[in-house]
Amino acid sequence: MPSVKPTPEEFASNAIAALGDSALQHALAELPKGLAAKRERAKAALPEFEALRRVGRNIKDHVLDNLDLYLEAFENNALAAGSHVHWASTAQEACDIIGNICRETGARLVTKGKSMVSEEIGLLADLEASGFNVVETDLGEYIVQLRKEMPSHVMAPAIHVRPSDIEATFRHHHRELEPGRNISTPEALVSEARTVLRDKFIGADVGITGANFLIAETGSAILVTNEGNGDLTQSLPKVHIVLTSIEKVVPTLEDGWALLRILARSASGQEIATYTTITTGPKRPADPDGPEACHIVLLDNGRSELLRSEYRDVLRCIRCGACMNFCPVYGAIGGHAYGSVYSGPIGAVLTPALVGLSAAANLPQASTFCGKCEDVCPVEIPLVGLMRRWREKAFDQDTSWRNRAALRVWAALAKRPALYRTAARSMVAILAVLGRSKGHLEHLPFASAWTRNRDFPAPQGQTFQAQWARQRGGGKR
Amino acid sequence: MTEGQSKKTRVGLFVTCLVDLMRPSVGFAAVRLLEAAGCDVAVPGAQTCCGQPGYNSGDTASARALAKRTIAAFEDFDFIVVPSGSCAAMLKRHYAELLADDEEAQLQVRSFSERVHELLSFLVNVCAITSVPGTYEGRVTYHDGCSGLRELGIKMEARKLLESVPGLELVEMADCEVCCGFGGLFSVKFPELSAAIAAKKTACIDAVGPDLVLAGELGCLMNIAGKLSRDDSGTGCRHVAEVLAGEMDAPPICWPGKQP
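Those protein sequence lines, which keep their order, are chains A and B.
The opening residue of the first sequence carries number 73 in this note's numbering; numbering runs sequentially from there.
The opening residue of the second sequence carries number 3 in this note's numbering; numbering runs sequentially from there.
Isolated chain A, as found in the complex:
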């Protein structure tokens, strides 16, 4: 397990390493048969699925058009329900707010449900540095925490890990358990995690969860999980902290419900997640249980700026992970190679906005533009078009003269048809001679990137234009 976290700058070498990682390749081979296939079946079973995508898109677009209004309404209603609302404009501010709440609570043990926003702000490391004992309660996140890795998928954080490797991780960390125990099956692994986590749930002073949606009209947070860990994380400790980002707000419960229908189907092919919990404030006097205090931390971290930018559509994302499950690039290398909390097509668009284009310029390049991500996105984010916009920006800022020069030569030729035809004729003639005997070239010095792994076809010998001109007496201009 790598102790140094991969970065987006090293995407190309990360990708090569990922291709050679047999354990990872073994895990990734399951993806098309697993999450992707389940989504296809769920879609097929719901005739209005495509229509629902449009509904989802419209809800999110409406929210983004009126974000200030709905955030204000959310805040007012959340306060009325007894929650505390905190606004964090940066990652560090959010970490500080949460650290302070934990400190004021006198917390030692903190449980935490799955939250991509927490990954984005580096919350775990921050709280641990402040001396808190933080335990991830989502099984995938727990595994990743023990392995000191980043999640490799927004929905399935440990999708890169094989069950046999989970067993090794558990044996290494759960030293207090009987060494001779049998945990060779997924069921046994889940059961062991459950046993270990149960004590943490009960002993935790603060529970931190994310939110899939915030409901403006009621001041509630909706959280979906398949393990029920979110419910134990938020209802057992004295203090519950909801950490989420500002674009998660929707106007009404009905809107939340419409989005939940496509979220579960897109993410895992479920009609609805196993647990869907609506939280509105802390425990009320008549409630049998629940936290004494509920804090909601709303993170901006560049989103207001995104909202005003040409990348605004990316804020529609509901973090289902479908774009990853269907992406040929993600499917070949997994999430870690992206070197970002958000990987796959959505990560390729979001990461440059979060960490800056110069650090993440590789990610929008790392796509074949096959368009499958847009096709499956439940809120119709134009991911290819957004990646292309990053490429435009990168091209404008690109200081590498080689990239620019190659494209400039191409453009200069393509804009001069006569010159283009002459250049094309000579290039084609040379390649055709070189590849004549076999019909292909196995080594091309100036295109070794291609010929390292594939043969390059020999051209047929003359350009179409030259032959056409001879046969039909010249192409008319």
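Derived by calculation from the structure, the hints in this document are not laboratory data.
Some hints here could point you the wrong way.
Sample of chain B residues at the chain A side, in silico, Cβ under 10 Å [claimed, not checked]:
#, residue
1, L23
2, T137
3, L151
Where a beta carbon is used, it is the ideal one built from N, C-alpha and C, also for glycine.
Add chain B to chain A, keeping to what the hints say.
Same frame as chain A, now just chain B:
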């Protein structure tokens, strides 16, 4: 193109640079198919590249300049037909985006986009042909190029036409709609990644064991054929137009001599 006397549909063939440079037989196959469908085909000499390499690399200015040139070169035709889904999508959909801020060009772009068709889609949906000149004794499988499939919605057109070829048996492979990993310049920017994705495609091909892999996109075919050839597979690759037109004198992509 003969002026005045012909009432035939006037088609301008946008050859595409890959066909022009690498595999002119695809261009001649397209001409044969279009002429068999009753069209009057011309090939404007002022065409070069559709602009995709620049557009997808962020060089919008070059792509925009090429878009304007291409539109001007094809002013006189009833239809512009392209033997490539991605180049057709570039002409049909992306030129309008590229020139969206150019008010002067707006009318021209709209009329141009409406007249652009990918070859198979044109033959089936505009010409409504039900038979083709080609015959082929053998098993073929078809790879759906991403742009043609997802940007232009071309799917059944290829099947319909292939089913009309006497002797031909079409066997569908698994994941025929999944990307082959070509992605234009992606294939040389991230060559290992591109080849790894291509390997998944060739595994699907090998599983059905066809004589030929066909597609409507020469970029995909060069990638797939390059991988099959490196692996010494016995499967050939051709542009679907070659089989439909019976334009089979050239050997398959990456192959020496003639066959199959």
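We went through each hint and held it up to the structure:
Checking L23 (chain B) against chain A: minimum C-beta separation of about 5 Å stays under 10 Å; hint holds. Interface hint at T137 (chain B): violated, since its Cβ lies 22 Å from the closest Cβ of chain A, which is beyond the 10 Å cut-off. The beta carbon of L151 (chain B) is positioned within 10 Å of a beta carbon in chain A (closest approach about 8 Å), and the interface hint is therefore held.
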